[in-house]
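Student: Respectively, the protein sequence lines represent chains A, B, C and D.
All the letters of the first sequence, read from the start, carry residue numbers 1 to 335 under my numbering.
All the letters of the second sequence, read from the start, carry residue numbers 1 to 335 under my numbering.
All the letters of the third sequence, read from the start, carry residue numbers 1 to 335 under my numbering.
All the letters of the fourth sequence, read from the start, carry residue numbers 1 to 335 under my numbering.
In case anyone wonders, no lab produced these hints; they're calculated from the structure.
Don't take every hint at face value.
[Said to hold, decoys possible] Taking lysine-lysine pairs in the DSS-like style, the calculated list, with each CA pair at most 27 Å apart, reads: (1) B:306 - B:49; (2) A:222 - A:235; (3) D:240 - A:235; (4) D:49 - D:306; (5) C:222 - B:240; (6) D:49 - A:222.
[To be verified] Coverage of chain A stretches by chain B, computed from C-beta distances (three or more under 8 Å per stretch; other residues unrestricted): (7) 130-141; (8) 170-181.
[As the list claims (entries may be wrong)] Counterexamples of contact, computed for chain D against chain A with all Cβ distances above 12 Å: (9) 60; (10) 67; (11) 68; (12) 78; (13) 104; (14) 127; (15) 163; (16) 203.
Think of the CB as a built atom: it goes at the ideal place given N, C-alpha and C, for glycine as much as any other residue.
Protein chains: 4
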Amino acid sequence: MEQKKNIRPSSDEPALHGANSRLVQQEEQRQDLGFGTKLNDAYSRLVNKNGSVNINRVNERFWDRINLYNRLITMSWWHFLGWVLVFYFVVNGVFAGTYLLVGAENLQSSVNGEPYGSFWKAFFFSSQTMTTVGYGHIAPVNFLSSIVAAMESMIGLLSFALVTGLLYGRFSRPLAHVRFSKQSVFSPYLDVNAWMFRVVNNRANQLIDVEMEVSLSRLETKPDGTRYRRYHGLKLERNKVAFFPTNWTLVHPITETSPLYGCTPEELAESDAEFLILFRAMDDTFSQQVHSRTSYRYDEIQWGYKFVPMFDSAQHGMVALDLDKLDDTAPAELN
Amino acid sequence: MEQKKNIRPSSDEPALHGANSRLVQQEEQRQDLGFGTKLNDAYSRLVNKNGSVNINRVNERFWDRINLYNRLITMSWWHFLGWVLVFYFVVNGVFAGTYLLVGAENLQSSVNGEPYGSFWKAFFFSSQTMTTVGYGHIAPVNFLSSIVAAMESMIGLLSFALVTGLLYGRFSRPLAHVRFSKQSVFSPYLDVNAWMFRVVNNRANQLIDVEMEVSLSRLETKPDGTRYRRYHGLKLERNKVAFFPTNWTLVHPITETSPLYGCTPEELAESDAEFLILFRAMDDTFSQQVHSRTSYRYDEIQWGYKFVPMFDSAQHGMVALDLDKLDDTAPAELN
Amino acid sequence: MEQKKNIRPSSDEPALHGANSRLVQQEEQRQDLGFGTKLNDAYSRLVNKNGSVNINRVNERFWDRINLYNRLITMSWWHFLGWVLVFYFVVNGVFAGTYLLVGAENLQSSVNGEPYGSFWKAFFFSSQTMTTVGYGHIAPVNFLSSIVAAMESMIGLLSFALVTGLLYGRFSRPLAHVRFSKQSVFSPYLDVNAWMFRVVNNRANQLIDVEMEVSLSRLETKPDGTRYRRYHGLKLERNKVAFFPTNWTLVHPITETSPLYGCTPEELAESDAEFLILFRAMDDTFSQQVHSRTSYRYDEIQWGYKFVPMFDSAQHGMVALDLDKLDDTAPAELN
Amino acid sequence: MEQKKNIRPSSDEPALHGANSRLVQQEEQRQDLGFGTKLNDAYSRLVNKNGSVNINRVNERFWDRINLYNRLITMSWWHFLGWVLVFYFVVNGVFAGTYLLVGAENLQSSVNGEPYGSFWKAFFFSSQTMTTVGYGHIAPVNFLSSIVAAMESMIGLLSFALVTGLLYGRFSRPLAHVRFSKQSVFSPYLDVNAWMFRVVNNRANQLIDVEMEVSLSRLETKPDGTRYRRYHGLKLERNKVAFFPTNWTLVHPITETSPLYGCTPEELAESDAEFLILFRAMDDTFSQQVHSRTSYRYDEIQWGYKFVPMFDSAQHGMVALDLDKLDDTAPAELN
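For reference, chain A alone in the conformation it holds in the complex:
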């Protein structure tokens, strides 16, 4: 509110404002995937092969950095089970310590003698309380140990509820079990050439309504000489299939309208070109949407190669898809 100024232009500038709106219109037609135009100095890839994004973040808040739920869902199974075990032993250790503080003699034991020390007695009592097993051969006898046990059994129920929720969430999480070819190719296609990559459904019978979106990101030069990152949506010969039982070769034909028309490998490398891939499908088991992302950089293109078919029709009259042939290519004369 500091600089109050009428933003209505003076009426003697109609020509300028015709020009204005043209500039605005140009800007509106610019395609931007959300990375902005200024990422032009890094020469690092925007999207990693696994679909994550290459941005460093400063001053992120603690819980945002930790991102606990997301991390627990996406970490590997070994890490997850390891953390559960650590959590279980640490919490039991802490409660064992608490029972010792209250006094180990307040845990009445029906076991003859005490074959293990009082820490372990408290530890085992704690584990039996936390998991609600409660054999009762060790039991709290005074007020303090009883109230601690009452709290621990509640905390145990809630903690295991979270852990088991996470366990099932991990197990049931809808994922796009697809594999992209490691390389893309520049192949002959009909009587032009085309840029192609291939994707295969790793699992049978699960993905339907599959959709693919491909963009080319590269550095271009403005008339005034400054370089900026520009994005081009690439038209695919086919970007949607209803079924995805086998493999799918995505084809971008290099016609006159393609931003790749007349491009040399050297030009692609020089402009830091990167092909960004967005994959969307519907997982049929629970009708949930799944996504996948990946990218091909200029140095992941094989020029003058084509993909070798993955079908092997010799097997007992039934068509067989060999998943190991996904990355197989062969030289092919470009048009």
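Following the hints, put chains B, C and D in place on chain A, whose structure we already have.
Tutor: Just chains B, C and D, lined up with the frame of chain A:
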């Protein structure tokens, strides 16, 4: 990068490139459901009656082949409960063996005498630990048996969490409880003919926003004589309804624009014709999308038959839908 | 395949087939919500006030009729809790009987004397096993009672898993907490008239992206004199709002293009007119879609009435919405 | 049905009805976000900064006012855990009272002496029953205490099921972890000016398919001098991005077609202008939609300021996004 070649065409070929783009455009207009054009030698159906797809897969990875979650969710209830029982007994057996290794005498028993052998004592102790019942009339008394029991109760909680998650997942899974007619028919329709099939909602009051997509897949011959599989979307008289309380007869009128116009039964058989059906709806209980798929082959068409109405209006003045009449047809003179 | 007939029309009927396609086109433009055109004899409403549909079903399969999951989710809380209690007591009763069969003396009791009969001892032991409480003051001592207890604790865990899943499913089920006005009105609107109804969001701050679809269903007469049910989509002055914090009056203006143009109350009654309402929105808490349906019949229209505003602006300078005024109408002179 | 009147206009008024439909069309083109046109006396904001809506509600039903599930899901963690603790102690207290009523002597205790009073014995027994720990060193010995315990263990299982469902529901709830800039700005943009605000993704790698919708709500004057609230959708230079790894500056260029064209700060204040923001995205972890809402009022606009870039490219050659710079602005000469 091996074969560096400028893909910009020499400038003296403008005519060719006009032709090029026409070929590309043709290819773009080709409809493909995701099966590709090469499945022309098998003469087996693409989509089975239950909606699964007929593709053999080679070199699938272990976890992809197992597809554990999907399998546990989609197997029959008897199989699922059988596996749960097997799992329960095997895990308890393994833990019983572990307690025997540690020494059966370390499971203190308050039972007078031991009416069953020490294996069964260990087994029952294991089951009481795993389910967290923990009566305590059998209890671990030394360090090793206590630590094994602590682990087992945790593992038991996590395992049962998975099983109960699966149980509820199976129970609450949104399914399209619809039944397609076994046969489709070629019937007279207004003053043309039409290909029709019928679908019924097995359960009352659940599906809304129902949508149907039908494609014809058949072998056709290119000008050069090679045969390839081609796909045609079939225009339906109505492909969407907001409510689905009763039955629904899907009608594809055979007008001049239909790929079936003028087709004979023999031609359909010869071209290995298959009608692929995609069904989408919204389950109203939890507002979840449900899908169903099926197909009709050329030998599942009744020529010159029509569907008999499923409504029986005689019942107490209220309209009654007889679900058993779904497959009933009667001869009808074609136009 | 019985009646093989070439469906290609003889080539001397081109004029007829032009006519053909016109009939087909007419049929395609017919709007049908999924009830079909033949429900014209019943004179009962298609959609009940609570959104359910009036169709009687014959020969429904057992599990389809039961529709267990849907029923358990949608029954009232009192019914649900009642069934849980019944289930709990019946299953415990059955297991108590089993323990008696095995022999009540095999349930060792540390209780001095037996203050209740052996059935209740078995019953309480069963409940302690099924809920996995397992005090242990009653415990199984022979093989058979132990194995039955091992099975019961497993069955108990799985049953309670289902029940608790259902409990939380019911609790977290996304519902459109909206209330429709009991009556609709024919009111003056600008300088025409309009058919209006009103809906209110019962709860604050939850529904966004709200959408309404209204159809008129009525009996009409074909040129040949047969009566059939026809559906008209009704154009609303506004059928979508991004926020739904208050009430919303839905307005269908009666202009020349409206199927209600020039209609009298008698005509509406005679044609068994029914206005079908579909409501869709997004519940903001978990971003889930919710639906609601209702209908107004010809006898639920107040002619020459208008809705009274629900806002009461006198309260402390803040706008107050009085939810009890939803059904309030006042006479208004029609244009 | 009281005022039966033919709504068909008399046929000598065709001109009027041409006028009629023009009024109706105007009304249809009016944009309304769901707040209506009458909220013009309050001069309070429609949408609060946190996205909630400013409406007072009268005569709300009890369960609608409580809105239990929604409240338990959206309250702070401290409140939630506090309520769980209160619930746990109150329920145990109530059951302890019940056991005392039945007779504390019916809870047999194997503890030597009773180091705490009989209330606490009953309380601890209750907590051991409710959590199904069931040590058994306190156990029910008569019929009444046993049946109460059987009920409590069932109620305990169901209650903890709800609590743990809520716990995991809270934990796994998909939220738009985004932060909007506190102020919006009027900045120079190309060769016009623009209204801008900025939003940042607080967490890395989670939101895709991000969409923004902006509306201007302000009081305007009808030709007859009455004031009413009007809504204008604001055209954004870009309202959709596929990736959202960093920050995003939303730009509404003030061209001739903008409702803000030629507006002064005083006019905005006088017309109670408010910019309403709707944010939609897809959370990638579980492919769930997330929403966010906010608004900027006329007094949250900085005139003649621009946003300072949030990127800091100096860090080790990798682009770094400084989340603390979200609100940083600098003066800029308007065009």
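Student: Provide an ascending list of the numbers of those earlier hints which the structure does not satisfy.
Tutor: Hints 6, 14, 15 and 16 not satisfied by this model.
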